[in-house]
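Colleague: Each chain, written out:
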Amino acid sequence: MGTEMLLKDEVQMLRRVPLFSNVEPGKLKLLAFTSDRVSYDAGEAIFHQGDTGDAAYVVLAGKADILVDSSTGPIKIAEVETNSIVGEIAILCDVSRTATVQTTTAVEALRIRKEHFLKLLTDFPEITIEIMRVLADRLSHTTSELSEARSRARKAE
Amino acid sequence: MEKRLARYIWTHTRAQQLWILLVVAISMVPYFLSFDLPKQIVNGPIQGQGFDQPGATQTFMNISFDLPWLGPVTLFDGIDLTRMQMLFALSLVFLALVIVNGLFKFYINTYKGRLGERLLRRIRFELIDRILRFPPNQFKRMKGAEVASMVKDEVEPLGGFTGDAFVQPALLGGQALTALFFIFMQNAWLGLIAAVMVGVQAVIIPRMRRRLLVLGRERQITARELAGRVSEIVDGIGTIHAYDTSNYERADIASRLGRIFKIRYDLYQWKFLVKFINNFLAQLTPFLFYCIGGYLALQGRLDIGQLIAVISAYKDLPGPLKDLIDWDQTRQDVQVKYLQVVEQFSVERTIDPSIQAVAIEDPGPMKHPLAAVNLSLADDSGAKLLERVSVQIHPGETVAIVGGAAGGGDMLAEAFARLTWPESGKITAGGDDLLELPESITGRCISYVSADTYFFYGTLRDNLLYGLKHAPLKDAAYEGSGAAHRKWEINEARMAGNPDYDVNGDWIDYQAADATDREDLFTPVLSVLDTVQLSKDILDLALRSTVSPNDHPGLAEGIVEMRHALREELEEAGLSSLIVSFEPGAYNTEATVGENLLFGTATGPAFIGKAIAKNAYFRSVIGRTGLDRAMFDMGYSIAENAVELFADLPPDHPFFQQLTFMTADDIPEYQLLLQKLQGKGFDAASEDEKGAIIRLSFRYIEPRHRFGLLTPELMAKIVDVRRQFHDGLPESMRGDIERYDPDHYLASASLMDNILFGRISHKHSDGSKRIRSIVSSLLNSLGLLENVIDIGLDFNVGAGGKRLTAVQRQKLNLARALVRRSDYYIFNRPLPGLDHRLQDEIVRDVLKLVRRDGRDPAVVWVLSNTALSSLFDRVLVFDRGMLVEDGTHAALVENNGIFKELVSS
Chain A
437 MGTEMLLKDE VQMLRRVPLF SNVEPGKLKL LAFTSDRVSY DAGEAIFHQG DTGDAAYVVL
497 AGKADILVDS STGPIKIAEV ETNSIVGEIA ILCDVSRTAT VQTTTAVEAL RIRKEHFLKL
557 LTDFPEITIE IMRVLADRLS HTTSELSEAR SRARKAE
Chain B
4 MEKRLARYIW THTRAQQLWI LLVVAISMVP YFLSFDLPKQ IVNGPIQGQG FDQPGATQTF
64 MNISFDLPWL GPVTLFDGID LTRMQMLFAL SLVFLALVIV NGLFKFYINT YKGRLGERLL
124 RRIRFELIDR ILRFPPNQFK RMKGAEVASM VKDEVEPLGG FTGDAFVQPA LLGGQALTAL
184 FFIFMQNAWL GLIAAVMVGV QAVIIPRMRR RLLVLGRERQ ITARELAGRV SEIVDGIGTI
244 HAYDTSNYER ADIASRLGRI FKIRYDLYQW KFLVKFINNF LAQLTPFLFY CIGGYLALQG
304 RLDIGQLIAV ISAYKDLPGP LKDLIDWDQT RQDVQVKYLQ VVEQFSVERT IDPSIQAVAI
364 EDPGPMKHPL AAVNLSLADD SGAKLLERVS VQIHPGETVA IVGGAAGGGD MLAEAFARLT
424 WPESGKITAG GDDLLELPES ITGRCISYVS ADTYFFYGTL RDNLLYGLKH APLKDAAYEG
484 SGAAHRKWEI NEARMAGNPD YDVNGDWIDY QAADATDRED LFTPVLSVLD TVQLSKDILD
544 LALRSTVSPN DHPGLAEGIV EMRHALREEL EEAGLSSLIV SFEPGAYNTE ATVGENLLFG
604 TATGPAFIGK AIAKNAYFRS VIGRTGLDRA MFDMGYSIAE NAVELFADLP PDHPFFQQLT
664 FMTADDIPEY QLLLQKLQGK GFDAASEDEK GAIIRLSFRY IEPRHRFGLL TPELMAKIVD
724 VRRQFHDGLP ESMRGDIERY DPDHYLASAS LMDNILFGRI SHKHSDGSKR IRSIVSSLLN
784 SLGLLENVID IGLDFNVGAG GKRLTAVQRQ KLNLARALVR RSDYYIFNRP LPGLDHRLQD
844 EIVRDVLKLV RRDGRDPAVV WVLSNTALSS LFDRVLVFDR GMLVEDGTHA ALVENNGIFK
904 ELVSS
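Chains A and B are the protein sequences, given in the same order.
Residue numbers for the first sequence, in my numbering: 437 to 593.
Residue numbers for the second sequence, in my numbering: 4 to 908.
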């Protein structure tokens, strides 16, 4: 039973997730308890692009790729690191999954159901702010990538 | 139907009425003899009349008549008896007469009762037969419950009246006339008085009763409406809840009940008023006799003996008279009831009985085109739904009907199904009007499906095969008393004008379903279920159900075998961690502590639910081994964790879903308990408190709750206690628990649990979905699928099929039509509840299915998704009740007409 993870270990791991670093341990324990603990083998899809989003995932151990379908097949656009959250966009914006997440190693994750996640945001403003920060980060990242891509495109002309 | 009840009764029971009249007349002979006998016994042997000399004898049983013209005729000379012998002889005759009279009464009453019941059966059947022949639009104005209350309750009193309809007036009238005649014979004047009083009664009382009849009719109608309203409440309960109108319904019902009460109370008052007046008039006559007769007697104009004779004769008059008046009351009452019902059932344009005549023979395929000729349809208000449409559907062609919501294509489909009758024009098959063809042709050669699903209370199988039950094709085999009973059934049915088709016979037309008998029906049925994508639902229904292995021989063994096959399959796929099996010597981490401890399903009162906590044997085992302490500590930790996690949350917080071992209301209680027991432990807790704490540990699953409470030592201990518990289980409790046994079927567990024989691991997010698909393919490869689907088909669909989801109902509705071989399939937007992808798949598969084995039926499909029309040979476009375009898909797209608009929108 050495691989067995317990609630208190999960709380320790959740504290390492930037999103939850400012949340008090008691709340994290509740979050861990109300989430489902799920495991994936390497190469398994956590979810597919186009599925309806019913949960967000916190990757506790392992790595995964974020893939987007294109006419030439799936393109990898980013990687999911340990201790990060994926799949939150689909439940925040009520859209279907915008990308496929496929594991590259064995992955241990916490699955937070949509209604629990939304409840978490209304109950704990600190998590909401953290989420906003992560999203804003990503946005600025995307914006800079976009402007880079545009300038490259202009040069190519 | 005949409007006069008396005539209706006479037409159907004439011979029996005459017979019973004759029997009643004959029964009068011993009846009157028994009147005279007591006087003979008292005067003769007891008081000694005619036995003046000791040893004197009299003749007994001298039977002789003095007939006119023939003179005296002696049948029996009689025998001479002494006084004592005479006493016994006459007493025995008296006893014999009592018995004979009793037997007559018994025979007459049973005969009349049976006569009434048969007529009741006949009326009820005729009414229902008429319902089956009503034109379709009639049902828009009927409430089922009201009709049911007419058939069931309102005609009920007719049965009781039938036996008395003719016998009673004949008998009572005769008696009353005899009494009246006797009074006349004594004294004409007094006779006249009596006759006038009788006349007054006969005129006044029925007049007063007219009001009773009006009230009675009102009572009948209000009660019928009440039945209708009750069924509306039942059917509309969803709407009532949704709009918070339950109190409006209560007010409506209360006011109806108030009205019914008022009517009934009025009725009651009138009834007793009439009774009072009737009694008064009856008693007025003797008053006149005493008064006028006495006056005449004192005057010397009337003999006192005569007066006494008149008064005593009058005693016999009021009884029959009163009964006669009561009979008349009943007659009018049932006549009104009957008329009320018959009027409701007198409908114009009922379907001719010959159209619905039972046809055992297969009518053969319908080879003619189905054609609408100048067809116009209108709704109840007269609005035109379809205007002068002429179109032909040829055998074998597939036709899509498209158009807007009020286009009219759906109405054309309904007309093809004979659900809407033409306003003008007609629908023909070959040269025949569709409405004049027997239903044995139209109802078999044409299969119609709309979104309007209706299912009968019963199993899924009954409903799926319902469209095949046209006629009793094979008689049920009866033996011994069963055969005698069947013979009786046939005879009785004929006596009451009912048909004698045997509902227990085999009505299923296997040939129409591509089978030869019950045994090979499964393959075609499964392919239909697959086509409408219902087989997965049925499989799930079966897997969730608990079945007795005795009902399905061979299944239990197959399932147990499958357990091993499933393990191997999972092993091969590298998924063996998906299920954690139950093993007698090991702890199952994915199951609760309680399941691990009992290692079986509680089936009897000793262990079910909360009983286990009070079970002395169980407590002794866990106490002896010290497991109670360990479980107490565990429960205590669980309580601590739960209180810590949830104490601050409001009770309606969604996180409580995750708390499987407690409800939000339990939290404060456990909070108090924890405070009380803090640092004191097991020994300080009362029995109830121990129970409350230990209970929590029973539901604990380590991988799910992850509190870290199960050590390897504890798990080993639980397994050990499990062994001890089962080894020492007293004989009396053996039947109360069914132990998990890898080699035996668990009758108390669901089919799925039996197949898994373990728990699906919490670690895999889509574990149960994967298992389900593996299980279904394994069932197929092991040849168990038929068995399991069979169990699923045993599922009771509930009233109107309400135990199925709306989507399942629509799929089943479609399947019911596809099971039958037809020449024309009319699909009228049958699947509105399904999403477009599913609709697309099903339409394609259905078109493929109906053409299997080289069959070539015509298909008319009213599509809600215009894009699918490219799958059909021909497309009809309807707009505002008119057929505006007709051609192949390609031609219509070229055409730049309405169709192009529809497709692009």
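Think of the hints as simulated: they come from the structure by calculation, not from any bench.
Every value quoted in this text rests on a predicted model; they were computed, and no experiment measured them.
C-beta: ideal position from N, C-alpha, C; glycine also.
Errors might be hidden in some of the hints.
Computed list of lysine-lysine pairs in DSS-like fashion (alpha-carbon distance at most 30 Å, straight line) [what the hints assert, rightly or not]:
no.	chain 1	residue 1	chain 2	residue 2
1	A	Lys512	B	Lys766
2	B	Lys539	A	Lys444
3	B	Lys766	A	Lys550
4	B	Lys720	A	Lys550
5	B	Lys720	A	Lys444
6	B	Lys772	A	Lys465
7	B	Lys683	A	Lys499
8	B	Lys766	A	Lys499
9	A	Lys463	B	Lys539
10	A	Lys555	B	Lys477
11	A	Lys463	B	Lys679
12	B	Lys683	A	Lys465
13	B	Lys772	A	Lys550
14	B	Lys683	A	Lys444
15	B	Lys766	A	Lys463
Reference excerpt, derived from the structure (chain B facing chain A, CB under 10 Å, subset only) [as the list claims (entries may be wrong)]:
no.	residue
16	Ser443
17	Asn501
18	Asp651
19	His656
20	Leu662
21	Thr666
22	Phe710
23	Gly711
24	His765
Far from chain A, by Cβ distances over 12 Å, these chain B residues were calculated [what the hints assert, rightly or not]:
no.	residue
25	Gly105
26	Leu301
27	His371
28	Glu492
29	Ser530
30	Asp631
31	Ala650
32	Glu705
33	Ser873
Colleague: All hints, please: hold or fail.
Modeller: Evaluated hints:
{"no.": "1", "hint": "Lys512/A x Lys766/B", "verdict": "27 Å, holds"}
{"no.": "2", "hint": "Lys539/B x Lys444/A", "verdict": "41 Å, violated"}
{"no.": "3", "hint": "Lys766/B x Lys550/A", "verdict": "19 Å, holds"}
{"no.": "4", "hint": "Lys720/B x Lys550/A", "verdict": "40 Å, violated"}
{"no.": "5", "hint": "Lys720/B x Lys444/A", "verdict": "25 Å, holds"}
{"no.": "6", "hint": "Lys772/B x Lys465/A", "verdict": "29 Å, holds"}
{"no.": "7", "hint": "Lys683/B x Lys499/A", "verdict": "47 Å, violated"}
{"no.": "8", "hint": "Lys766/B x Lys499/A", "verdict": "17 Å, holds"}
{"no.": "9", "hint": "Lys463/A x Lys539/B", "verdict": "41 Å, violated"}
{"no.": "10", "hint": "Lys555/A x Lys477/B", "verdict": "64 Å, violated"}
{"no.": "11", "hint": "Lys463/A x Lys679/B", "verdict": "26 Å, holds"}
{"no.": "12", "hint": "Lys683/B x Lys465/A", "verdict": "27 Å, holds"}
{"no.": "13", "hint": "Lys772/B x Lys550/A", "verdict": "20 Å, holds"}
{"no.": "14", "hint": "Lys683/B x Lys444/A", "verdict": "25 Å, holds"}
{"no.": "15", "hint": "Lys766/B x Lys463/A", "verdict": "23 Å, holds"}
{"no.": "16", "hint": "Ser443", "verdict": "49 Å, violated"}
{"no.": "17", "hint": "Asn501", "verdict": "57 Å, violated"}
{"no.": "18", "hint": "Asp651", "verdict": "8 Å, holds"}
{"no.": "19", "hint": "His656", "verdict": "7 Å, holds"}
{"no.": "20", "hint": "Leu662", "verdict": "8 Å, holds"}
{"no.": "21", "hint": "Thr666", "verdict": "15 Å, violated"}
{"no.": "22", "hint": "Phe710", "verdict": "6 Å, holds"}
{"no.": "23", "hint": "Gly711", "verdict": "4 Å, holds"}
{"no.": "24", "hint": "His765", "verdict": "7 Å, holds"}
{"no.": "25", "hint": "Gly105", "verdict": "79 Å, holds"}
{"no.": "26", "hint": "Leu301", "verdict": "105 Å, holds"}
{"no.": "27", "hint": "His371", "verdict": "49 Å, holds"}
{"no.": "28", "hint": "Glu492", "verdict": "58 Å, holds"}
{"no.": "29", "hint": "Ser530", "verdict": "31 Å, holds"}
{"no.": "30", "hint": "Asp631", "verdict": "24 Å, holds"}
{"no.": "31", "hint": "Ala650", "verdict": "10 Å, violated"}
{"no.": "32", "hint": "Glu705", "verdict": "7 Å, violated"}
{"no.": "33", "hint": "Ser873", "verdict": "25 Å, holds"}
The structure shown violates the earlier hints numbered 2, 4, 7, 9, 10, 16, 17, 21, 31, 32.
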